[in-house]
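Asker: Given chain A, work out where chains B and C should sit, using these hints.
Protein chains in written order, with our numbering: chain A, 75 to 422; chain B, 75 to 422; chain C, 75 to 422.
Please note that a few of the clues may not be correct.
One copy or two, it doesn't matter: identical chains are merged, so the pair holds either way.
Capping the alpha-carbon separation at 27 Å, the derived lysine-lysine pairs in BS3-like fashion look like this [unchecked claim]:
no.: 1; residue 1: K291; residue 2: K222
no.: 2; residue 1: K161; residue 2: K249
no.: 3; residue 1: K79; residue 2: K373
no.: 4; residue 1: K161; residue 2: K175
no.: 5; residue 1: K79; residue 2: K269
no.: 6; residue 1: K161; residue 2: K269
Hints are computed from structural coordinates only; laboratory data are not their basis.
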Amino acid sequence: MSAMKPNYPENSWWVAAVGEEVTRTPLGRWFLDRPVVLYRTEAGEVVALEDRCPHRWAPLSRGCLVGDDIMCPYHGFRFDATGTCTKIPTQQTIPAMARVKTHAVREDGPFVWIWMGDPARAQVTPLPELPFLSGPGWNTMRGYMPVKANYMLIQENVLDLTHFGFLHADTLEQKGWEGGDSEVTVADGTVGYRKQMRQEPVASFLGIPDGIGYGQKADRVDWGHFVSPAVHHAGVDIVDPRPGREARTLRFQITHLTTPESPGRTHYWYALGHDYGEYTPERCAELTDLIVATFTQDKDVLEAVQDVIERDARHADSVEVSVTADRPALQARRILRAMLESEQGRTP
Amino acid sequence: MSAMKPNYPENSWWVAAVGEEVTRTPLGRWFLDRPVVLYRTEAGEVVALEDRCPHRWAPLSRGCLVGDDIMCPYHGFRFDATGTCTKIPTQQTIPAMARVKTHAVREDGPFVWIWMGDPARAQVTPLPELPFLSGPGWNTMRGYMPVKANYMLIQENVLDLTHFGFLHADTLEQKGWEGGDSEVTVADGTVGYRKQMRQEPVASFLGIPDGIGYGQKADRVDWGHFVSPAVHHAGVDIVDPRPGREARTLRFQITHLTTPESPGRTHYWYALGHDYGEYTPERCAELTDLIVATFTQDKDVLEAVQDVIERDARHADSVEVSVTADRPALQARRILRAMLESEQGRTP
Amino acid sequence: MSAMKPNYPENSWWVAAVGEEVTRTPLGRWFLDRPVVLYRTEAGEVVALEDRCPHRWAPLSRGCLVGDDIMCPYHGFRFDATGTCTKIPTQQTIPAMARVKTHAVREDGPFVWIWMGDPARAQVTPLPELPFLSGPGWNTMRGYMPVKANYMLIQENVLDLTHFGFLHADTLEQKGWEGGDSEVTVADGTVGYRKQMRQEPVASFLGIPDGIGYGQKADRVDWGHFVSPAVHHAGVDIVDPRPGREARTLRFQITHLTTPESPGRTHYWYALGHDYGEYTPERCAELTDLIVATFTQDKDVLEAVQDVIERDARHADSVEVSVTADRPALQARRILRAMLESEQGRTP
Numbered sequence: 075m076s077a078m079k080p081n082y083p084e085n086s087w088w089v090a091a092v093g094e095e096v097t098r099t100p101l102g103r104w105f106l107d108r109p110v111v112l113y114r115t116e117a118g119e120v121v122a123l124e125d126r127c128p129h130r131w132a133p134l135s136r137g138c139l140v141g142d143d144i145m146c147p148y149h150g151f152r153f154d155a156t157g158t159c160t161k162i163p164t165q166q167t168i169p170a171m172a173r174v175k176t177h178a179v180r181e182d183g184p185f186v187w188i189w190m191g192d193p194a195r196a197q198v199t200p201l202p203e204l205p206f207l208s209g210p211g212w213n214t215m216r217g218y219m220p221v222k223a224n225y226m227l228i229q230e231n232v233l234d235l236t237h238f239g240f241l242h243a244d245t246l247e248q249k250g251w252e253g254g255d256s257e258v259t260v261a262d263g264t265v266g267y268r269k270q271m272r273q274e275p276v277a278s279f280l281g282i283p284d285g286i287g288y289g290q291k292a293d294r295v296d297w298g299h300f301v302s303p304a305v306h307h308a309g310v311d312i313v314d315p316r317p318g319r320e321a322r323t324l325r326f327q328i329t330h331l332t333t334p335e336s337p338g339r340t341h342y343w344y345a346l347g348h349d350y351g352e353y354t355p356e357r358c359a360e361l362t363d364l365i366v367a368t369f370t371q372d373k374d375v376l377e378a379v380q381d382v383i384e385r386d387a388r389h390a391d392s393v394e395v396s397v398t399a400d401r402p403a404l405q406a407r408r409i410l411r412a413m414l415e416s417e418q419g420r421t422p
Numbered sequence: 075m076s077a078m079k080p081n082y083p084e085n086s087w088w089v090a091a092v093g094e095e096v097t098r099t100p101l102g103r104w105f106l107d108r109p110v111v112l113y114r115t116e117a118g119e120v121v122a123l124e125d126r127c128p129h130r131w132a133p134l135s136r137g138c139l140v141g142d143d144i145m146c147p148y149h150g151f152r153f154d155a156t157g158t159c160t161k162i163p164t165q166q167t168i169p170a171m172a173r174v175k176t177h178a179v180r181e182d183g184p185f186v187w188i189w190m191g192d193p194a195r196a197q198v199t200p201l202p203e204l205p206f207l208s209g210p211g212w213n214t215m216r217g218y219m220p221v222k223a224n225y226m227l228i229q230e231n232v233l234d235l236t237h238f239g240f241l242h243a244d245t246l247e248q249k250g251w252e253g254g255d256s257e258v259t260v261a262d263g264t265v266g267y268r269k270q271m272r273q274e275p276v277a278s279f280l281g282i283p284d285g286i287g288y289g290q291k292a293d294r295v296d297w298g299h300f301v302s303p304a305v306h307h308a309g310v311d312i313v314d315p316r317p318g319r320e321a322r323t324l325r326f327q328i329t330h331l332t333t334p335e336s337p338g339r340t341h342y343w344y345a346l347g348h349d350y351g352e353y354t355p356e357r358c359a360e361l362t363d364l365i366v367a368t369f370t371q372d373k374d375v376l377e378a379v380q381d382v383i384e385r386d387a388r389h390a391d392s393v394e395v396s397v398t399a400d401r402p403a404l405q406a407r408r409i410l411r412a413m414l415e416s417e418q419g420r421t422p
Numbered sequence: 075m076s077a078m079k080p081n082y083p084e085n086s087w088w089v090a091a092v093g094e095e096v097t098r099t100p101l102g103r104w105f106l107d108r109p110v111v112l113y114r115t116e117a118g119e120v121v122a123l124e125d126r127c128p129h130r131w132a133p134l135s136r137g138c139l140v141g142d143d144i145m146c147p148y149h150g151f152r153f154d155a156t157g158t159c160t161k162i163p164t165q166q167t168i169p170a171m172a173r174v175k176t177h178a179v180r181e182d183g184p185f186v187w188i189w190m191g192d193p194a195r196a197q198v199t200p201l202p203e204l205p206f207l208s209g210p211g212w213n214t215m216r217g218y219m220p221v222k223a224n225y226m227l228i229q230e231n232v233l234d235l236t237h238f239g240f241l242h243a244d245t246l247e248q249k250g251w252e253g254g255d256s257e258v259t260v261a262d263g264t265v266g267y268r269k270q271m272r273q274e275p276v277a278s279f280l281g282i283p284d285g286i287g288y289g290q291k292a293d294r295v296d297w298g299h300f301v302s303p304a305v306h307h308a309g310v311d312i313v314d315p316r317p318g319r320e321a322r323t324l325r326f327q328i329t330h331l332t333t334p335e336s337p338g339r340t341h342y343w344y345a346l347g348h349d350y351g352e353y354t355p356e357r358c359a360e361l362t363d364l365i366v367a368t369f370t371q372d373k374d375v376l377e378a379v380q381d382v383i384e385r386d387a388r389h390a391d392s393v394e395v396s397v398t399a400d401r402p403a404l405q406a407r408r409i410l411r412a413m414l415e416s417e418q419g420r421t422p
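Just chain A, same shape as in the assembly:
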């Protein structure tokens, strides 16, 4: 895989920010090699505009808001939430070309999503659903990490959990991925895996808070879905190992949100939750440390892979060797390829 060329579909919902980052102070951020400014109207709606004044290309995000309009820091041109220029300080006439592209955005739960491609398709494409993030009975937490690697390296990372036993041997301690195959399901442009584990020890990130001893054995199912190039949603369903409670399923879920900044850089958000136990401050601190340590292991190895991709003189001629455990990732590549091919037919 050469990660140097853009390999991201424009027609997809991508996470742009956490809601609380978007305020009355404009926020500039790059997505898919393009600059975007995010802000909130007086009524609290999120607006996403091209972050480049059409006049002399200054980033609007360095300007400020005037009501619901954003004012360019350089010559004071103003644009409303539809991208239309509403004021040129030095003249009455506003050229028809004086507008910035607007991007469809939606706010849902903690995240703000953006659509960089055809707006008509945004309207008919539902947001990925992440019910655990707002559902009752869930404890949740989230984080962000910039990663200097192509976003698909992260997606493929979470589609093949056989790396748990190696890369995360000293952090996650999630057992059971070494042997046997998982079921792979392909449907509707997504791919999923599912793996039944029998009497494996419950890792600390799953079990301790609920009175289940560290390393106690339980049956569980690990599953995950490549929902889109932007979203991987995964979970662990544990049969409560305590006597008399077998009817209850303890659920852990996590979502990995990958938004390309450029071919070699990714905005990476994650959110996770448990529908059992309690997030005491100590538990939160402990979980945060564990998750950050784990994802830093992923980040480090993926950035090293990206470095090899970029520096190795032979990379264009090289192939990868894939194995059975790569079936979900290979399927995700196929889905992505189809998305990219269908976009090449678009009028730009």
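Answerer: Frame of chain A, contents of chains B and C only:
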């Protein structure tokens, strides 16, 4: 505008240094993507040579002077002020090819100017005139700032002062640029603007020293000339607002000197002066702070624009929207384009 | 010379490491634009493998050893010292393609050598001989410096010692290179120089330890050989200047080992020795300081040359002027060109 390709004419006088920077210790600096070494002969004349020994390409500026010759730090080859090799330590014969290009230079007032193109044309091209810098009755000061942006972004910045009310609203406080148009004059490969202001408050950088109260109103004319791609010369002519002194014009002038180091980097010098008031140490410190704060605002926004130009995936296809206030800048682009086209006919 | 394109032959022995750097903890390093991992088997043999897992391109050097195999840090694939995959944790079948390239390596004296090209040719190509490094009666020391310049700039530096009188005037103080020519010998794809010096002062790095006063005069011969693009071997043979000892030749030798990391970066090792005197701790510290100071002068000027090569807009059209003292270096270029041409016929 794509600033990634060289867009600088070679046949132009460019500022290379402030005179006092050029001494008996060689000074290496890049202009127009080429290395130049500057030094002074024993008689005090400025010499500018290609800063690349023709033998094995070591920068001569790392060597030292032997009389009026410069000696390469690597193998001791020497070159005189005409670029001719005068000594090869290991042999008597000096190959005819053993010479470095010499550049025409002229010292005038505080600045040393360089001509990177055809020497014959240098001889018949007068230096830009900046009489205020050496004229009697002027207080003057100057500064330098490296800017990571194409030099024409700076030139266009100072050809459209309608940015004063926005980018410099909290620094310069120079009023009157919001409304109405300026007169634009095109002649002899230069473009100028002129704008009459009626009873506008006098900004602090213009008025305070002369006993004119901060914010006192006065008539004034703001004017500027794109003298060449290297020089913008501007001024403010103020009708003294004090009773009985209306016959006197108080003059402020400033010159912006932009020398491309490469397409994305510019050596930027400025010099300014007042023909009234007095530069006390306090006044100098205050003015310096104000000017540095103001030009840092320009530098920051122009470097952000340069970043957009370089990173934005769509930049080749994009257009800018120009307005009436851009007439001087658009005219400057036309002049530059003609200069560049005329140079393409040159034998290299 | 344009140093931007690869100009290194693959079919050559290059120094990869000092033996003691290669241990049971894998060592990752780039050579000739390719990643290599070095480690030692339980029996102490050095192994060099492609540092890129064929599965998902993680650097194996971030993994660890299991017996004589190296285990990928990402998904736990293992490879033996022949590059063959010996274990895929999730399946029994190992695809035939699952292997990494292995590089021939040899350990000789303090250095580990690597062959990046055709293994068949490695077998019939002897290592460069550096007998002084392991011979009896020699005091030796060595060092390493990363240099941001093409490796041939270093090779050419040591093929023309007329730079001693200039670049190292205040460090080495090795006299006699200013005047007259050296003999140049070309044979068997190598080039050598030899220069007889008469009654020149003995520089401090040569003489002080042996009771020869600083600056005392002696006859000596300076000589050097471009053994290969990887190795320059040089020496000084001094006629003992003390009365009655003229029959003895005091020998100093030095070898310069240049291994390209990429066209613009070089691993540079050096080793030197004297067959007289004694390396007391004081003498070692003094020599180290002198050698580091001297080679830093070379590094600085060569990195400046590299910068000119990379930045100067005209470099493709430019020529170098060569003189008599460049005969050995020009001959080395010819040898290199022949090596590169013969490799282009190789099937890749």
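Asker: Now, for every hint given, state plainly whether the structure supports it.
Answerer: Hints and how they fare:
When the C-alpha separation of K291 and K222 is checked against a cutoff of 27 Å, the pair qualifies neither within a copy, at 38 Å, nor between copies, at 56 Å. Proximity of K161 to K249 under the C-alpha cut-off of 27 Å is restricted to the inter-copy arrangement: shortest distance 19 Å between copies versus 61 Å within a copy. Within a single copy, K79 and K373 get their C-alpha atoms as close as 20 Å, which meets the 27 Å cut-off; across copies the closest is 32 Å, which misses it. Proximity of K161 and K175 under a CA criterion of 27 Å is satisfied intra-copy only: 16 Å inside one chain copy versus 52 Å between copies.
For the identical chains of this complex, K79 and K269 are neighbours neither inside a copy (34 Å) nor across copies (50 Å), given an alpha-carbon limit of 27 Å. Taking CA atoms no more than 27 Å apart as the test, K161 paired with K269 passes between copies only; the shortest distance there is 22 Å, against 59 Å inside one copy.
This entry does not satisfy hints 1 and 5, going by the numbered hints stated previously.
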